[in-house]
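K.L.:
Listed here are the chains, written in short residue letters.
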Amino acid sequence: MPFPLTHLVYFSPELILIIGFVVLMIVDVIRPLRRGAGIVALVILGAAAIAAISAWPGTSQTIFATYAHDPFALFFKVFFCLATMVAVLFSLFTFKTDAEYYLLLVGSALGMSLLSGAHDLILLFLAIEMVSIPSYILAGVYRGKRSSGEAALKYVLYGAVSTGVMLFGMSLLYGLTGSTDFEMIRNHFLQESTSPITLFLAMLFIMAGLGYKIAMVPFHFWCPDVYEGAPTPITAFFSVAPKAAGLAALLRLTVTLLPEGWEAGWDWPVMFTLASAATMTLGNLAAIRQQNLKRLLAYSSIAHAGYILMGFAAACFLGFQAVLFYLVVYLFMNFGAFFAVDIVARKEGSETLRDFRGLGYRAPFTAVVFAIFLFSLVGLPPLAGFIGKFYLFAALIQQHMIPLAIIGILNSGVSLWYYVKIVREMFLRDPLKSEPIPEGVGTKLLLLFLVVPIVVMGVYWSPIIAIAGEAFKLVAP
Amino acid sequence: MSPLTYMTFLPVVGIVILLFIPRDRHNLIRWTSAFFTGLVLIIGAVTWVNFDPSKTGINQEGGFQFIDHVSWIPAFNIEYFVGADGLSMPMIGLTALLCFLCIFASWGITKAVKGYFIMFLLLEAGMIGTFVALDFFLFYVFWEIMLLPMYFLIGVWGGPRREYAAIKFFLYTFFGSLLMLLVIIAFYLNTRDPVTGAHTFNMLDMMNQGLQGDWLKGGTVRTLMFFGLFIGFAIKIPMVPFHTWLPDAHVEAPTAISVILAGVLLKMGTYGILRISYPMLPDTTMQFAWFIAFMGMVNIIYGAFCALAQKDLKKLVAYSSISHMGIVMLGMASFTPAGINGAVFQMFNHGCVTAMLFLLVGVIYDRAHHRFLVYPKDYPEVELRGKLGFGGLANQMPVYSGIFALAFFAAMGLPGLSAFISEALSFVGAFPTWQTFTIISVFGIIITAGYILWAIQRMFLGTLPDRWKTLSDINGRELFTLIPLAAIIIFLGVFPQPVLHMMDATLNYLNEVVMLGARAAGM
Numbered sequence: 001m002p003f004p005l006t007h008l009v010y011f012s013p014e015l016i017l018i019i020g021f022v023v024l025m026i027v028d029v030i031r032p033l034r035r036g037a038g039i040v041a042l043v044i045l046g047a048a049a050i051a052a053i054s055a056w057p058g059t060s061q062t063i064f065a066t067y068a069h070d071p072f073a074l075f076f077k078v079f080f081c082l083a084t085m086v087a088v089l090f091s092l093f094t095f096k097t098d099a100e101y102y103l104l105l106v107g108s109a110l111g112m113s114l115l116s117g118a119h120d121l122i123l124l125f126l127a128i129e130m131v132s133i134p135s136y137i138l139a140g141v142y143r144g145k146r147s148s149g150e151a152a153l154k155y156v157l158y159g160a161v162s163t164g165v166m167l168f169g170m171s172l173l174y175g176l177t178g179s180t181d182f183e184m185i186r187n188h189f190l191q192e193s194t195s196p197i198t199l200f201l202a203m204l205f206i207m208a209g210l211g212y213k214i215a216m217v218p219f220h221f222w223c224p225d226v227y228e229g230a231p232t233p234i235t236a237f238f239s240v241a242p243k244a245a246g247l248a249a250l251l252r253l254t255v256t257l258l259p260e261g262w263e264a265g266w267d268w269p270v271m272f273t274l275a276s277a278a279t280m281t282l283g284n285l286a287a288i289r290q291q292n293l294k295r296l297l298a299y300s301s302i303a304h305a306g307y308i309l310m311g312f313a314a315a316c317f318l319g320f321q322a323v324l325f326y327l328v329v330y331l332f333m334n335f336g337a338f339f340a341v342d343i344v345a346r347k348e349g350s351e352t353l354r355d356f357r358g359l360g361y362r363a364p365f366t367a368v369v370f371a372i373f374l375f376s377l378v379g380l381p382p383l384a385g386f387i388g389k390f391y392l393f394a395a396l397i398q399q400h401m402i403p404l405a406i407i408g409i410l411n412s413g414v415s416l417w418y419y420v421k422i423v424r425e426m427f428l429r430d431p432l433k434s435e436p437i438p439e440g441v442g443t444k445l446l447l448l449f450l451v452v453p454i455v456v457m458g459v460y461w462s463p464i465i466a467i468a469g470e471a472f473k474l475v476a477p
Numbered sequence: 001m002s003p004l005t006y007m008t009f010l011p012v013v014g015i016v017i018l019l020f021i022p023r024d025r026h027n028l029i030r031w032t033s034a035f036f037t038g039l040v041l042i043i044g045a046v047t048w049v050n051f052d053p054s055k056t057g058i059n060q061e062g063g064f065q066f067i068d069h070v071s072w073i074p075a076f077n078i079e080y081f082v083g084a085d086g087l088s089m090p091m092i093g094l095t096a097l098l099c100f101l102c103i104f105a106s107w108g109i110t111k112a113v114k115g116y117f118i119m120f121l122l123l124e125a126g127m128i129g130t131f132v133a134l135d136f137f138l139f140y141v142f143w144e145i146m147l148l149p150m151y152f153l154i155g156v157w158g159g160p161r162r163e164y165a166a167i168k169f170f171l172y173t174f175f176g177s178l179l180m181l182l183v184i185i186a187f188y189l190n191t192r193d194p195v196t197g198a199h200t201f202n203m204l205d206m207m208n209q210g211l212q213g214d215w216l217k218g219g220t221v222r223t224l225m226f227f228g229l230f231i232g233f234a235i236k237i238p239m240v241p242f243h244t245w246l247p248d249a250h251v252e253a254p255t256a257i258s259v260i261l262a263g264v265l266l267k268m269g270t271y272g273i274l275r276i277s278y279p280m281l282p283d284t285t286m287q288f289a290w291f292i293a294f295m296g297m298v299n300i301i302y303g304a305f306c307a308l309a310q311k312d313l314k315k316l317v318a319y320s321s322i323s324h325m326g327i328v329m330l331g332m333a334s335f336t337p338a339g340i341n342g343a344v345f346q347m348f349n350h351g352c353v354t355a356m357l358f359l360l361v362g363v364i365y366d367r368a369h370h371r372f373l374v375y376p377k378d379y380p381e382v383e384l385r386g387k388l389g390f391g392g393l394a395n396q397m398p399v400y401s402g403i404f405a406l407a408f409f410a411a412m413g414l415p416g417l418s419a420f421i422s423e424a425l426s427f428v429g430a431f432p433t434w435q436t437f438t439i440i441s442v443f444g445i446i447i448t449a450g451y452i453l454w455a456i457q458r459m460f461l462g463t464l465p466d467r468w469k470t471l472s473d474i475n476g477r478e479l480f481t482l483i484p485l486a487a488i489i490i491f492l493g494v495f496p497q498p499v500l501h502m503m504d505a506t507l508n509y510l511n512e513v514v515m516l517g518a519r520a521a522g523m
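Chains V and D supply the protein sequences, listed in that same order.
My numbering numbers the first residue of the first sequence as 1 and each following residue consecutively.
My numbering numbers the first residue of the second sequence as 1 and each following residue consecutively.
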């Protein structure tokens with residue numbers, strides 16, 4: 001099939017990121033420009049986001065025969081650019097000079113953008129690697145710090161194994177169907193019968209590979225150590241962007257390859273039900289005992305992956321719409337929570353629960369905003385986290401999946417306990433030290449930028465849910 | 001715009017203004033809060049006067065008054081829909097009054113004053129919102145908004161075990177409301193707007209059995225839905241065995257918050273059952289009415305016995321609340337006009353009486369810094385262990401003792417005071433339906449008399465210990481919070497008509513709706 005060069009227009013967000021990647025390389029070499037690398041990265045990401053927005057709602061066709069140009073992909077491109085921008089902003093408080101750091105972030109954003117549109121197994125695999133490799137380096141970016149190095153190594157090892165497994169699954173799928181193109185695979189399934197066992201293994205292996213990105217139980221073991229060891233901005237980034245990328249890929253793969261009701265060998269609603277229940281339960285139960293806040297939030301993010309998978313399990317339009325909406329909310333609240341942790345950690349040198357004692361008196365603004373993020377993570381109205389959970393539960397009940405809904409409810413109840421433990425430490429206990437923690441204007445602005453959407457979307461979320469509904473339109477019929 | 005909307009959101013305006021007041025201007029903060037709660041009270045009073053008691057509400061929009069009905073999230077048919085009927089109006093009035101009085105009972109708060117009053121106003125907005133909401137989503141949002149400020153008010157400004165009490169309250173109620181959330185979603189997905197055919201959160205549509213989908217008709221589903229709602233509400237009432245958060249929360253909470261907790265929040269439970277469970281699931285409610293009545297009886301007896309055993313005066317009052325809320329449950333499960341009217345009137349009266357009791361406990365605690373009827377066995381000062389905490393206070397604080405006696409007698413159900421009428425109505429109404437339960441429950445009254453008279457004897461009679469010879473009598477600010485409540489209790493004891501008349505049309509209609517609904521379902 002010839003690739004008309006005009007199709008490059010549809011590729012503009014990625015092109016901008018590629019050019020930006022090169023520009024950042026040059027910036028890294030020119031010493032006086034290095035200090036501005038963060039700003040350059042912001043401009044690049046912003047431009048890519050604008051390019052993606054202006055292309056909305058896309059042409060709903062596959063370009064270069066491997067790449068989807070549909071609302072779903074564009075939605076996620078904007079999402080990834082935004083998430084990376086927040087990560088860059090966040091990092092500006094920590095890393096002043098490392099241009100290569102921002103370079104890697106932009107590279108990761110490029111990989112995720114490709115992932116969101118991948119409509120072919122090969123491209124999917126390459127895109128995942130494009131996300132992973134910068135991530136491995138980013139996890140170890142604190143060169144002198146042992147835990148950071150350990151985090152990077154763990155991430156690489158687990159990552160290598162899981163990508164290997166996934167590649168094996170893909171090759172099985174290729175063997176079954178004789179194609180790597182999603183549409184051809186789907187047509188093959190629709191027209192001819194397949195060996196259920198082989199299909200089961202193939203999909204299980206692919207799910208393992210993507211499950212690693214999502215930190216889905218039982219592929220989550222790397223997550224707490226890496227999150228704890230990596231620099232906080234990177235941890236926050238990992239907990240949002242690659243996770244969303246994994247979910248996006250999983251969503252496109254499942255929905256495109258296996259149309260609803262097609263359950264020979266791979267009954268994906270049931271698999272996702274099991275994965276969701278296990279992921280949220282383990283995440284929440286493990287979070288209860290954590291004293292280190294980064295670790296606690298790591299487990300909390302595992303639990304949230306479990307909540308999001310409830311939308312997959314429901315396997316209906318409302319469910320997928322809820323997933324997309326939840327991701328938007330999750331971006332703000334999770335980045336916010338990690339940023340608040342970092343504000344304290346920068347001053348105190350560590351991020352255990354004790355360091356937050358009496359924060360309400362030492363840094364009232366940060367403490368109040370942090371509490372809002374935490375309550376949003378719990379899912380209390382009138383905050384956006386509640387609305388997100390509401391739609392997920394609504395999808396489950398629409399499909400009459402009451403047991404999973406009850407498990408979700410119990411999990412939300414459990415999660416209240418450990419989130420409120422932090423709130424208790426901040427407000428109910430007197431501070432150990434009286435000296436205030438500095439909250440600069442920049443810090444406050446970033447906190448506001450993250451908290452305002454949480455509050456606004458908790459009261460008025462019509463536009464976002466509408467976009468989430470629009471975005472769930474995939475290239476496949 | 002409806003006055004109810006003003007009442008709900010004026011406290012929010014107050015919060016915004018408080019945010020701009022410097023945190024060390026304590027008096028300005030207090031007076032601003034007093035101004036806004038006062039404004040709410042005035043609007044509430046005007047609404048009360050303009051309320052037309054002949055309209056019936058419950059499941060017809062035309063029966064509601066002061067309606068605001070606008071679209072909020074059109075895509076999902078979520079509406080801002082508020083209104084009042086004879087069931088909610090007394091509760092709205094009670095809330096506005098108690099909130100205003102409690103601002104003055106909070107005058108002595110010195111720790112983080114600004115935060116306290118912000119949380120207090122948020123609580124008021126949540127409470128009024130819950131009572132006026134007629135859209136189920138809106139109801140849930142307000143219902144949950146109450147949790148946060150309550151957590152902080154107990155947790156930051158409470159007593160020594162405040163952390164435990166606050167988290168216990170939070171976890172209990174949060175679990176309950178999550179169950180409720182599932183039921184709300186199930187109702188939403190199985191109810192269709194009669195005009196557009198879309199799913200709807202409109203509570204009045206949900207009450208229309210004809211609009212409920214087939215899935216909702218199944219017996220098991222209905223039972224599950226009923227108990228999903230019921231547990232959520234029972235935790236708030238609190239019904240035995242979900243009551244254990246209450247004594248902890250009350251003991252640790254500051255005085256004004258105990259007042260709000262007992263005076264308003266407990267009523268949310270029974271209000272929710274009447275507003276939601278009754279008309280939406282009439283047949284299931286009828287099927288399990290025996291259970292509500294039975295648990296009401298258990299509450300009455302169990303609460304009274306627990307109160308009898310208490311050494312801490314505040315805990316005694318807390319357990320007496322459990323006992324008195326049992327009367328509400330018994331009365332409303334009777335499905336007789338007298339029973340339901342008595343139950344709701346009891347909600348109102350208990351709100352006033354128990355508010356007085358908690359305020360009075362606060363008065364003595366502020367002076368003596370303890371509130372033991374009898375010092376516990378592990379009290380730090382060895383020579384005081386097992387001795388009476390007070391005694392002979394009637395000599396030292398005559399005005400205080402007089403008012404306390406009035407409140408205690410009202411709690412006991414002495415004729416001439418308001419609670420007598422509501423308790424009598426509840427029991428008279430309940431008797432034809434649940435004879436055995438009612439007979440056993442009435443014995444609860446005797447136990448109530450026992451713990452109250454015994455408490456009076458131990459506190460106010462006998463000889464005054466030397467260490468209390470310096471206690472000053474009640475002051476003007478405290479009197480200001482107590483006199484209105486005392487006046488209401490006496491007035492309604494002699495002439496209950498104003499409140500009873502306000503609600504009887506609505507409640508009789510509610511009773512009919514449930515009866516008809518149950519009969520239509522073949523019961």
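Treat the hints as calculated values from the structure; they're not laboratory data.
We put the beta carbon where it would ideally sit given N, CA and C, even for glycine.
Be aware that a few hints might be false.
[What the hints assert, rightly or not] Some but not every residue of chain D turned toward chain V, in silico, with C-beta under 10 Å:
hint: 1; residue: 38
hint: 2; residue: 41
hint: 3; residue: 42
hint: 4; residue: 140
hint: 5; residue: 143
hint: 6; residue: 174
hint: 7; residue: 178
K.L.:
For every hint, state whether the structure bears it out.
P.N.:
Hints and how they fare:
Hint status for residue 38 of chain D: violated, given a least beta-carbon distance of 26 Å to chain V, over 10 Å. For residue 41 of chain D, the interface hint is violated, since its Cβ never comes within 10 Å of a Cβ in chain V; the closest pair sits about 25 Å apart. Checking residue 42 of chain D against chain V by beta carbon gives a least distance of about 27 Å; that is not within 10 Å, so the hint is violated. Hint on residue 140 of chain D holds. Least Cβ distance to chain V is approximately 7 Å, under the 10 Å limit.
Contact between residue 143 of chain D and chain V, as hinted, is supported at the beta carbon level, the nearest pair being about 9 Å apart and thus within 10 Å. Contact between residue 174 of chain D and chain V, as hinted, is supported at the beta carbon level, the nearest pair being about 5 Å apart and thus within 10 Å. At a threshold of 10 Å, the smallest CB-CB gap from residue 178 of chain D to chain V is about 4 Å, leaving the interface hint in force.
The structure fails to meet hints 1, 2 and 3 from the earlier list, while all remaining hints are met.
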